[in-house]
Amino acid sequence: QKEVEQNSGPLSVPEGAIASLNCTYSDRGSQSFFWYRQYSGKSPELIMFIYSNGDKEDGRFTAQLNKASQYVSLLIRDSQPSDSATYLCAVKNPGTASKLTFGTGTRLQVTL
Amino acid sequence: SAVISQKPSRDICQRGTSLTIQCQVDSQVTMMFWYRQQPGQSLTLIATANQGSEATYESGFVIDKFPISRPNLTFSTLTVSNMSPEDSSIYLCSVGSGTLGYTFGSGTRLTVV
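Read top to bottom, the protein sequences are chains A and B. 1 is the number of the first residue of the first sequence in the working numbering; add one for each residue after it. 1001 is the number of the first residue of the second sequence in the working numbering; add one for each residue after it.
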């Protein structure tokens, strides 16, 4: 079983719609969860992080965490073509020196 | 968040040779992380570099193949030794914390021919 799982996509949404990206993790003791955006040929860029159950909003982005169900999601409202990228979910493993485990990423395509 | 300068940005190397990648951070950090991203794949942690001690390597990565230096709190190097085409990847350094998130360098795209 993979430690961090994401649907590879591509997830295609029309411009202006809400994109919903999901991630599940296997270690129930995981504490911190991160969403990164990676454009082709570029390095990952941190979008948001979340520690507590519930929602965390930042502009058009909302991260949702449900520790009981071991999933974390990222919602992108009013999706724009510039949001087209691969979104990586990363989980900080408990009891380690800040080690992150990454999912394989979901490719998002926002269509005109 | 910290700003990381990573170089070279890309290189094409002959098999059997070595390449050293450098990362310079604009602030002092305790730990620096080295990742590999193979084509079409996600990021895999190679090792964690602490200043003043040996790097800690993840399963599947060894010091002889990926020696790391950490001479001070703002700088680290990763060497990819005795390269083969299977080493063709993007190599990334990263700094940060579990509370504030992690920042990545711009990456080094390595092609081994």
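Derived from the structure by calculation, the hints contain no laboratory data. Wrong hints could be hidden among the right ones.
[As the list claims (entries may be wrong)] Here are some of the chain A residues that sit facing chain B, going by a computed Cβ distance under 7 Å:
#	residue
1	32
2	46
3	49
4	80
5	81
6	92
[Claimed, not checked] Across the chosen pairs, the derived CB separations fall in these ranges:
#	chain 1	residue 1	chain 2	residue 2	range
7	A	53	B	1062	21 to 31 Å
8	A	28	B	1111	18 to 28 Å
9	B	1071	A	56	18 to 28 Å
10	B	1001	A	28	51 to 61 Å
11	A	82	B	1106	38 to 48 Å
12	A	54	B	1084	44 to 54 Å
Given the structure is predicted, the values throughout are model-derived calculations rather than measurements. We put the beta carbon where it would ideally sit given N, CA and C, even for glycine.
How the hints compare with the structure:
Using the Cβ-Cβ criterion of 7 Å, the hint placing residue 32 (chain A) at the interface with chain B is satisfied: the shortest such distance is roughly 5 Å. Annotation: interface hint on residue 46 (chain A) holds; nearest CB of chain B at approximately 5 Å, less than 7 Å. Interface hint status for residue 49 (chain A): upheld, as the beta-carbon distance to the closest one in chain B is roughly 5 Å, under 7 Å. Interface restraint check for residue 80 (chain A): the shortest CB-CB distance to chain B comes to about 23 Å, outside 7 Å, so the restraint is violated.
The beta carbon of residue 81 (chain A) comes no nearer than 22 Å to any beta carbon in chain B, farther than 7 Å, and the hint placing it at the interface is violated. Residue-level restraint check for residue 92 (chain A) holds (minimum Cβ-Cβ distance to chain B is 5 Å; threshold 7 Å). Distance hint for residue 53 (chain A) and residue 1062 (chain B): a CB-CB separation of about 39 Å, inconsistent with the stated range 21 to 31 Å. At about 40 Å, the beta-carbon gap between residue 28 (chain A) and residue 1111 (chain B) misses the expected band of 18 to 28 Å.
Taken as a hint, the range 18 to 28 Å is violated for the pair residue 1071 (chain B) and residue 56 (chain A), whose Cβ atoms sit roughly 38 Å apart. Range check, residue 1001 (chain B) to residue 28 (chain A): about 29 Å between beta-carbon atoms, so the 51 to 61 Å window is missed. For residue 82 (chain A) and residue 1106 (chain B), the hinted distance range of 38 to 48 Å is not satisfied, since their beta carbons lie about 19 Å from each other. Checking the proposed 44 to 54 Å range against residue 54 (chain A) and residue 1084 (chain B) shows it holds: the Cβ atoms sit about 47 Å from each other.
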